[in-house]
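Protein chains in written order, with this note's numbering: chain A, -5 to 94; chain B, 5 to 537; chain C, 4 to 648.
If you are wondering where the hints come from, they were derived from the structure by calculation, not from laboratory data.
There could be a bad hint or two in this list.
The calculated lysine-lysine pairs, modelled on DSBU-like cross-linking and capped at a C-alpha distance of 30 Å, are [claimed, not checked]:
#1 Lys376/B - Lys444/B
#2 Lys167/C - Lys594/C
#3 Lys594/C - Lys164/B
#4 Lys444/B - Lys454/B
#5 Lys306/B - Lys166/C
#6 Lys452/B - Lys166/C
#7 Lys447/B - Lys370/C
#8 Lys306/B - Lys167/C
#9 Lys167/C - Lys376/B
#10 Lys370/C - Lys454/B
#11 Lys452/B - Lys167/C
#12 Lys166/C - Lys447/B
#13 Lys452/B - Lys306/B
#14 Lys167/C - Lys454/B
#15 Lys166/C - Lys376/B
#16 Lys164/B - Lys376/B
#17 Lys370/C - Lys444/B
#18 Lys456/C - Lys594/C
#19 Lys306/B - Lys454/B
#20 Lys594/C - Lys447/B
#21 Lys306/B - Lys376/B
#22 Lys454/B - Lys164/B
#23 Lys164/B - Lys116/B
#24 Lys306/B - Lys594/C
#25 Lys444/B - Lys166/C
#26 Lys444/B - Lys167/C
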Amino acid sequence: MVTIPAFLIVAVVIFGIGAVGVLISRNIIVLFMCVELMLNAANLALIAFSRALNIMDGHAFVFLVLAVAAAEAAVGLAILIAIFRNRETINIDRFDMLKW
Amino acid sequence: MMENEILTLVTFFPTIGVLLLLLVPGDRHDSLRSVSLIIAFITMLFSFLLWAMFDPVANGMQFEVNVPWITSLGISYHVGIDGISLLLILLTTILSVLCILSAWRSIATGVKGFLISILLLETGMIGVFCALDLFLFYVFWEVMLIPMYFLIGVWGGPRKVYAAIKFVLFTMFGSLLMLVAILFMLFEYQKYSGEYSFDLLKIMQMPFAYHAQLWLFAAFGLAFAIKVPLWPFHTWLPDAHVEAPTAASVILAGVLLKMGTYGFIRICLPMFPEATVTFLPYICVLSLIAIIYGALVAMVQKDVKSLVAFSSVSHMGFIMLGMFALNTQGMEGAVLQMINHGISTGALFLIVGMLYERRHTRLIAEFGGIAKVMPFYAAVFMIVTLSSIGLPLTNGFVGEFLILIGVFKFNTVYGIVAASGVVLSACYMLWMFQRVVFGKVTKSENEKLKDVSWRERMVLIPLVVLIFWIGIYPKPFLDRIEPAVKQVLERVSRAKTVEAERRFQIETELPAREAGSVGATGHVAGGENLCWK
Amino acid sequence: MSEYLFLVPILPLAGFLINGLLLGRLPRPVVSFVACVPVGLSFLLSVLLFFGLKGLPPDARVLEQVLFPWISSGFLLVNVGFLLDPLSAVMILVVSGVGFVIHLYSIGYMHHDPCFGRYFAYLNLFMFSMLTLVLADNFLFMFVGWEGVGLCSYLLIGFWFEKKSASDAGKKAFIVNRIGDFGFLIGMFIIFWQVGSLDFRVVMEAAPTMFVAGGALITAACILLFMGAIGKSAQIPLYVWLPDAMEGPTPVSALIHAATMVTAGVYMIARSNVLYLLAPDALLVVAIVGALTAIFAATIGLAQNDIKRVLAYSTVSQLGYMFLACGVAAFGAGIFHLMTHAFFKALLFLAAGSVIHAMSGEQDMRKMGGLRRHVPVTYITMLIAALTIVGIPGLSGFFSKDEILWKAFSSPYGHPVLWALGFVTAGLTAFYMFRLIYLTFHGKGRMDADTRKHLHESPKSMTVPLMVLALLSIVGGWIGMPHLFGVTNYFEQWMAPVMSGAGHDAVSHALAAGGGDTGMEVGLMTATVILVLVAILAARKLYGQTPELSTRLREKTPHLHRLLFNKYYVDEIYGAVIVRPLVNMSIFLWKIVDVLIIDGLINGFATLYNDISQTLRAGQTGRVRSYATVFVAGVVALVAYFLLG
């Protein structure tokens, strides 16, 4: 039997990889993938708790998160393409125009 | 039926006009102008009806309407007028018509927006003068701000953005303090009576603690003092006037400045009478500074408009001083002078505007000998100048005389200093008049100036008629002001006697304390002990 | 009778309105008709009213008419009301009479002026204001006329507004008058708050009970009212506007700046005689200012070359006489001199106008001379006026001036020093008047050939008024002959009901008793006449017979001459002490206080706010990763805080 701490350790590790990825990556696509990693780490924790406590709320949340993540990826990639068409780059550090 | 509706009708008729204007295509300038002129004219006719139906001898508010608006917070649409508001509403509606007429040719771009701004402004101004609910008052107060911001910022002169922002920031600064004070009053009133209400007349029944009054008076007073503008809060005024288009200047000087003095007389004086007595000396000194300072600075201005703007500072100082003399003559004079200042300074701005339309400059040095080429113009200019310096049989004299005689009674020294402002006003106005109108035509551009057209005559003649009417037979106006002024004075005079007792107590207590070990600090302690709680 | 009272001022107003509103649309004959007829009617009405008043018993000689309430506020009530009593009856006769004559004269004098209509409109407005001033039944309504005449004076001095000096002079007159009016206003306030009314009759009746006689309050009120008179009637220190006022057309100088407006101050003080009798200190001030002005202006008159300026300083000096009379409580004598002065000074000015007309506009006496052959009527009438003003026995000026000098000596308020000042002034007056006569009409002509060719006597419309006024100058004084001559002094008798204020019997008795010392009176009178004759002879010697002598005299006393010629540099001193510092201070207030300090402070706040924002803005890089770093750091910090703290 795998216990809760094991699941959580994995989730924390994945989340950490995702977070570090978001912070250090300059490529927007990598950045998106890292965000997905973080979301999935959270999903893993939710499922684990749901299973351990034997209630279904966690499962429901996970589906919600999946749906949101899919939507976000779709919109995000669309914006990304629009930006790329204008600027011909996907380096996140070049996109600082909004500070004005 | 009509009794109840008419005030709302006068207030919101210009807004109906705005809706109508929205339907007219923006490039049909003349129909836009005609529609708004007709709307403003009908509003004016309604306000005349108001005058006709107004009962000059009755005390208290007339044409009152009180409809709940946001009941959970005790906000209601409560409007009503007394003699003071009546005259100011009339001034507003008349000046609005003249403004639209005066801007017939001078505003050629964005005509639709311009006219919409003027009409919205009119609603805001009338609303302020008839609101009897503090929330409603605040709403109308802010409604005025936005169209004025656009009028200056869009149709103004070279430094229009600076002037517009300065105007808005100054006013906003004051009005936010006012909002805080209004909310404070709301909660105080809830504590006192158990219900929420913004109703001016209801809150007026409630006595505020002396300390609270001081803060409330300061907050409201600052908002109003900026609007008046009292020295040293006046620096937005010359900038705003110099940059604003003629019509906006006329409304700004004619009506918007009166909001400040109106606020004092409607809110500060009757609601915080004890604080009024406390603040009295400071306000009087500031007003005196404004009178002298405004006159002196006006004298050396190079731009006619900023000269008139500084003369407004001086004149508004007179009004403030007369109001705070706290006697019948002073206050009646102050109210009448509000109207007079609206008429004569409004007329001055219109006159300067006409010159500006022809020459596109307002520098005094650019003119000279105008009387030769524009005799009708020069004659009207003369009359308005004389009214501005308070020559007998023009409106300015009646107001100034009443103010001065009231102030003299209140405090001899103040009276003498203020009266010296009369001399100075002759100096700067006549000097300017001489340089613009008299002398030889030295600039070739001035040789072919056309005298005023029929449309411009239509703008000027009503004002000239008013100048002489109020100057020769001011009784109808004074009669309507008197009951309202008496009511304000009654409230304040009660506070005055209390204040006198307080002074008396301090004076009688002081020796006793000094005899003890308290010594010099006794005075301060004595003063604090006697604050009303 | 009293219901027609208002027509006296209103008729000229109607003339003004017609001419003013239809400016430039009427042909000249119509303009002059519209302007002159109402004034003539006013004069006729004044005469009728005068006889109406005369028909009443002396104590009941008061007609009042209240038209409508003007300003009412609290218990302040000021009516538009008119009051005709012996004093105002004399005044309206003088004003409308002299005014009418001058209107007629103007038709001829202003004939060539393109702004004919405007001129007459102003002149009618002036008549309205002046008649309002003298007929008003309260201080405030009097103030309407008071400021109204000031306005007309402003407009008429600056009538030729294209000339900078003319519009400058108009402005100066208005502003200097305003300074006086400032005092007048304050004085009015004191009276109102003490008595509770501004109505003349109420004030005069209540004053003895409401004011402490000789107290500070009544003294202050009287001195402040006198300040108004100083401005309007051109006394020291506010006389400076009157000489400059000569920039206006000459008939205006005659009407406004000699005969009527400038005497308003004297009228006002005579009207308030009850108040002044309560304040002996104020009376003393009036007397001293009057006497000093009389001699001061007369000395300046000695050295002026402009014919009108000589007359202007002479007016200032004669007004000083009138105030001297008022100051020694001889109000009747002051008004009497006011009346005779109106005749002879108007005549002098109109004659001077006729001279200027003949000289094609030249006013400098150094360029005249020998004119008596070319303008005989003008010469004779002007000579009569000059003889009158210097006080040759039998002419009107003699009676009025002599009465003043005698009262200055004998009145309980008088003093020999005051008399001495008046006495010396009489000599100076004789000297400068005959200097004027000799320089203008005698000797060789000093004008250029072109002017000489055009020399001509003025038209009938100008010479007839001269003759009328000359006649008045001669006979006008006969109604006020001193008791000394064993005749009734009709003028004094007529004025008595107004001048002996209620409760002042003691004073009037004292005044009457002063007339007792006949020997002294004859002695002083003779001394004055001798002095005058000597002065005339001196002027004849210096300017008539041996003109070189006057040049030598001038060269011998260059400093004195320069001082007098430059009018004691008073204008320059005022400029340096008052005007320039005021303007400099204003510029300081504007540039330093307003722009630099107040606006600087406000703009400083805005700049400060901007600077802070700019600093904080550096943190907003716009890069997603730096935001994310801050965000993660924040989360870590929060988690750490909750887990560890």
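> What hints, given by number in increasing order, does this structure fail?
Replying inline: 7, 10, 16, 18
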